[in-house]
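Novice: Each chain, written out:
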Amino acid sequence: MIKIQNLHKAFGKNTVLNGIDLHIKKGGRITAVLGPNGSGKTTLIKCILGMVIPNTGNIQIQGKTIAGQWQYRKAIDYLPQIAQFPENLTVRELITMIKDIRQAPAQDDKLIQLFGLENYLDERLINLSGGTKQKVNLTLAFMYDSPLVILDEPTSGLDPVAMVRLRALIREEKQAGKTIMITTHIMSFVEEIADDIVFLLDGKIYFQGPIQALQEQQQETNLERAIASILDQKTSSLSTHALTS
Amino acid sequence: MKKILKYTLFDLLRSRWNYIYFGFYLIFTTSLLMLSGDVSTVIISLMNVILILCPLIATIFGVMYAYNSREFTVLLLAQPIRRSAIFWGQYFGLALSLSLCLLLGIGLPFLYYGLSSSGAAWEFLTLLGNGLLLTFIFSGLAFLIALRNDNKIRGFGLAILTWLFFAVVYDGIVLLLLLFFRDYPLENAALGLSILNPIDLSRILILLKLDISALMGYTGAVFQKFFGTLWGTIVTLLSLGLWVLIPVLSIRMIAKRKDF
Amino acid sequence: MRILVIGLCCMISVLAVQAKTITVCPSCSTPTIQKAIDQAVSGDEILVKAGTYQESGLTITCPLVLRGEGMPVIDGQRKGEILIIAADSVTVTGLEFQNAGVSHISDLAAIRVKRHDYFTVTNNRVINAFFGIYIENGKHGTIKNNVLLGRANNEMDSGNAIHCWYAENLTISDNLVRRYRDGIYLEFVNKSIIADNLSEFNIRYGLHFMFSNDNSYTCNTFYDNGAGVAVMFSKNISMTENLFAQNWGRSSYGLLLKEIYDAEIIDNVFQKNTIGILLEGSTRLNYQNNNFVRNGWAIQMSGGCLDNHFTKNNFTNNSLDLVVNSRVNNNTFNGNYWGEYTGYDLDHDGLGDVPHRPMKLFSHVLTEAPEAIILLRSFFVDLINFSEKVSPIFTPENVLDEAPLMQIVK
Chain E
1 MIKIQNLHKA FGKNTVLNGI DLHIKKGGRI TAVLGPNGSG KTTLIKCILG MVIPNTGNIQ
61 IQGKTIAGQW QYRKAIDYLP QIAQFPENLT VRELITMIKD IRQAPAQDDK LIQLFGLENY
121 LDERLINLSG GTKQKVNLTL AFMYDSPLVI LDEPTSGLDP VAMVRLRALI REEKQAGKTI
181 MITTHIMSFV EEIADDIVFL LDGKIYFQGP IQALQEQQQE TNLERAIASI LDQKTSSLST
241 HALTS
Chain H
1 MKKILKYTLF DLLRSRWNYI YFGFYLIFTT SLLMLSGDVS TVIISLMNVI LILCPLIATI
61 FGVMYAYNSR EFTVLLLAQP IRRSAIFWGQ YFGLALSLSL CLLLGIGLPF LYYGLSSSGA
121 AWEFLTLLGN GLLLTFIFSG LAFLIALRND NKIRGFGLAI LTWLFFAVVY DGIVLLLLLF
181 FRDYPLENAA LGLSILNPID LSRILILLKL DISALMGYTG AVFQKFFGTL WGTIVTLLSL
241 GLWVLIPVLS IRMIAKRKDF
Chain A
1 MRILVIGLCC MISVLAVQAK TITVCPSCST PTIQKAIDQA VSGDEILVKA GTYQESGLTI
61 TCPLVLRGEG MPVIDGQRKG EILIIAADSV TVTGLEFQNA GVSHISDLAA IRVKRHDYFT
121 VTNNRVINAF FGIYIENGKH GTIKNNVLLG RANNEMDSGN AIHCWYAENL TISDNLVRRY
181 RDGIYLEFVN KSIIADNLSE FNIRYGLHFM FSNDNSYTCN TFYDNGAGVA VMFSKNISMT
241 ENLFAQNWGR SSYGLLLKEI YDAEIIDNVF QKNTIGILLE GSTRLNYQNN NFVRNGWAIQ
301 MSGGCLDNHF TKNNFTNNSL DLVVNSRVNN NTFNGNYWGE YTGYDLDHDG LGDVPHRPMK
361 LFSHVLTEAP EAIILLRSFF VDLINFSEKV SPIFTPENVL DEAPLMQIVK
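Residue numbers (the working numbering), protein chains in the order written: chain E, 1 to 245; chain H, 1 to 260; chain A, 1 to 410.
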């Protein structure tokens, strides 16, 4: 589904991705991209979406190189981290707009119902609360039946009821055989929902594989502690490196 | 591009700022027409306002809109659509909405007061055309600045400086040059310098329509002679055309390579 | 001597009870005007019937009336002058003069009055002449209701429509003069009145005074000439109720005043001229109730102008109202209406409470660098004008209107 080879990206002097090789196979699994702030999670996702243009490296989606292309994004649903929309459009117009752009069958009615947005359809987006905006955001992301779903911090700003529904939705998508990528800070959410983990640190992949493998490798039953122990090893190796040099 | 343009226009046409901008032109033009029955006088007063305001508002709105819609742009970027289509759509949407404000804001009062009978239709159209061109040019420049600068404060400052440069500073430099080299024949230099600045060029084109240059003696006659010829018209249109085109093409160039 | 001549004329007219009318027509016994003139004695009338007469060098040497009926045409065929009046009390009326000669050595005219007085030239048409009507040393003449149409292209190859040299007590009125070098030219002409003429499309001046004193011109229109009116080296000229319009071009003006003294300029309209009035070395002039509308510069004042007083004039929509190119002057600008005045009138006496400075910094800049005109009405120029207005540095401080009017003078 996604094949990334030797991906490098630097913003100015700041190297964000430093040789990423990643292969996510097709269908039915949820991959969580984890890592501390600034480890390159968002940049990696943006590279896949074509928003960030890598310095070197190759990304293939469904077997096709994406550099300079845009049609491949028909196969992707994306949920951005921050939900900001044109202030003076109504929810209905926004949904129509995205449908207009994608020109593909959409299941917006179902999602509107699911998130209880019926009463907001004719509200301007400037008048919506952050949580409602996030629900609109989710609706836009899940409207389509695309084989690849990328969610950037999907849980932020959601009330518990919506969280429950979101989980159900993600599982449903998984059942439908889609490839799903998620970035999040909430480990319990990852533990609950993800199958595989990609752990990024300093622009490199430190770990890739199923959650259980990580837990075994770090000899921790808890995911959060497993992650923490990776970070501990990293800092101690750094300090010994500093001492020896 | 058309789709993005359409929804950008939907969005902006409902913006309160757009109404304020439209309302300003409407009230200003109406009161001018009521105070002075003389259409040519009104056109001169309007010219002074349009030459300052159109670029300024286009610059500020352009930068503001480009920064405000950044997150939404990111969402759009994830959709199966060309990058240039997104930015061109947004740019043309903005420029068109501002143009509509100008067109209706000064057009309606003139229509109401009977433009066709006044015989100043041509002057009015020149004024309007230049206002529209300036709107397109400066919102394009603003978009460009916003695209090139991720730091909002810096981008905003740069945009205002750009406006200030073309609206005020440039003329100051031209005047200093003319005074400094006054012992040389400078008609052609003065002409060349004004053609390079779209605000100056617009001002001269409107003044020429108002016959003022003919009033201004020898040098005025030289300028009118230039702008009256085919060659002068070509150069003028070329310059204004380039001023519209360069930002539009640069937007595409930068959008192509930019990381979001 | 003159009394004797007048007396003689009277005697002749009294005596000539049987003063005869000689009729000229192509088929008559007198088919040419020359023949009629040869036959005529003092007091006779020559009546010219409609038709074309190819004649030139006609010289009238005794008082008589030459009258055209049905606008007969005298075609000079470019052979020198057509009609020379060399007697007192001659009347020429109702004739059309065509194709007088052109010369680069002498000033050939269609009608010349030569050293005689009491002439009347009315209701004639002069088409295509070098000089139209030429008064060479004549007094007490009337030139009225004539139409003079030229086709002047440049100053060198053209003459003046009505040219007066050494004359007195002339009345020049209701004439139309078009496309000559000067419409009406007066040199050493005194005590004359120029009224109700229309002078347009002349290459140099619509009306031109040189060394001519005690004259007045009123109710004339000067339209689209190289310059409307030039008054030079003259004294006591009254200029009232004239319209100076559309006189524009490289160095064009409505009215040029050069080395003149004691003039009244009242109730005139200056409209769309490159420069409304250009003054050089002019002293003791009063300007009242004039309208300056839409000129490039309403008034340009060069050095050596003293005691010019402007009151109750309207300055509206001029690109620039005033340029004064000298620091020392005692000219005043009190009680005018300035369209650009931005002051207020708290005591409601009709006069602004703050003085108005009609001379802008940009006017000053233009005298230094004329090309800067390309910056006219730009924001930057407005800024420097404003700052100069607040604290004058470059413009003469005493050029100001202490009591600007709040309302336009009707």
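Do not rely on the hints blindly, as some may be mistaken.
When the alpha-carbon atoms are kept at most 25 Å apart in a straight line, the in silico SDA-like pairs for lysine to any residue are as follows [unchecked claim]:
{"id": "1", "chain 1": "H", "residue 1": "Lys-3", "chain 2": "E", "residue 2": "Asp-109"}
{"id": "2", "chain 1": "H", "residue 1": "Lys-6", "chain 2": "E", "residue 2": "Glu-216"}
{"id": "3", "chain 1": "E", "residue 1": "Lys-74", "chain 2": "H", "residue 2": "Arg-252"}
{"id": "4", "chain 1": "H", "residue 1": "Lys-225", "chain 2": "A", "residue 2": "Asn-169"}
{"id": "5", "chain 1": "E", "residue 1": "Lys-64", "chain 2": "H", "residue 2": "Lys-258"}
{"id": "6", "chain 1": "H", "residue 1": "Lys-6", "chain 2": "E", "residue 2": "Arg-29"}
{"id": "7", "chain 1": "E", "residue 1": "Lys-99", "chain 2": "H", "residue 2": "Leu-56"}
{"id": "8", "chain 1": "E", "residue 1": "Lys-174", "chain 2": "E", "residue 2": "Leu-158"}
Partial pick of chain H residues on the chain E-facing surface, computed with a CB cut under 8 Å [unchecked claim]:
{"id": "9", "residue": "Met-1"}
{"id": "10", "residue": "Lys-3"}
{"id": "11", "residue": "Phe-72"}
{"id": "12", "residue": "Ala-78"}
{"id": "13", "residue": "Pro-80"}
{"id": "14", "residue": "Ile-81"}
{"id": "15", "residue": "Ser-84"}
{"id": "16", "residue": "Asp-259"}
No lab work stands behind these hints: they were computed from the structure. Glycine included, every Cβ here is placed at the ideal spot set by N, Cα and C.
Novice: Each hint needs a verdict: does it hold in this structure or not?
Specialist: Evaluated hints:
no.: 1; hint: H:Lys-3 - E:Asp-109; verdict: holds (22 Å)
no.: 2; hint: H:Lys-6 - E:Glu-216; verdict: violated (54 Å)
no.: 3; hint: E:Lys-74 - H:Arg-252; verdict: holds (22 Å)
no.: 4; hint: H:Lys-225 - A:Asn-169; verdict: violated (45 Å)
no.: 5; hint: E:Lys-64 - H:Lys-258; verdict: holds (22 Å)
no.: 6; hint: H:Lys-6 - E:Arg-29; verdict: violated (38 Å)
no.: 7; hint: E:Lys-99 - H:Leu-56; verdict: violated (35 Å)
no.: 8; hint: E:Lys-174 - E:Leu-158; verdict: holds (21 Å)
no.: 9; hint: Met-1; verdict: violated (11 Å)
no.: 10; hint: Lys-3; verdict: holds (5 Å)
no.: 11; hint: Phe-72; verdict: holds (5 Å)
no.: 12; hint: Ala-78; verdict: holds (4 Å)
no.: 13; hint: Pro-80; verdict: holds (4 Å)
no.: 14; hint: Ile-81; verdict: holds (6 Å)
no.: 15; hint: Ser-84; verdict: violated (10 Å)
no.: 16; hint: Asp-259; verdict: holds (4 Å)
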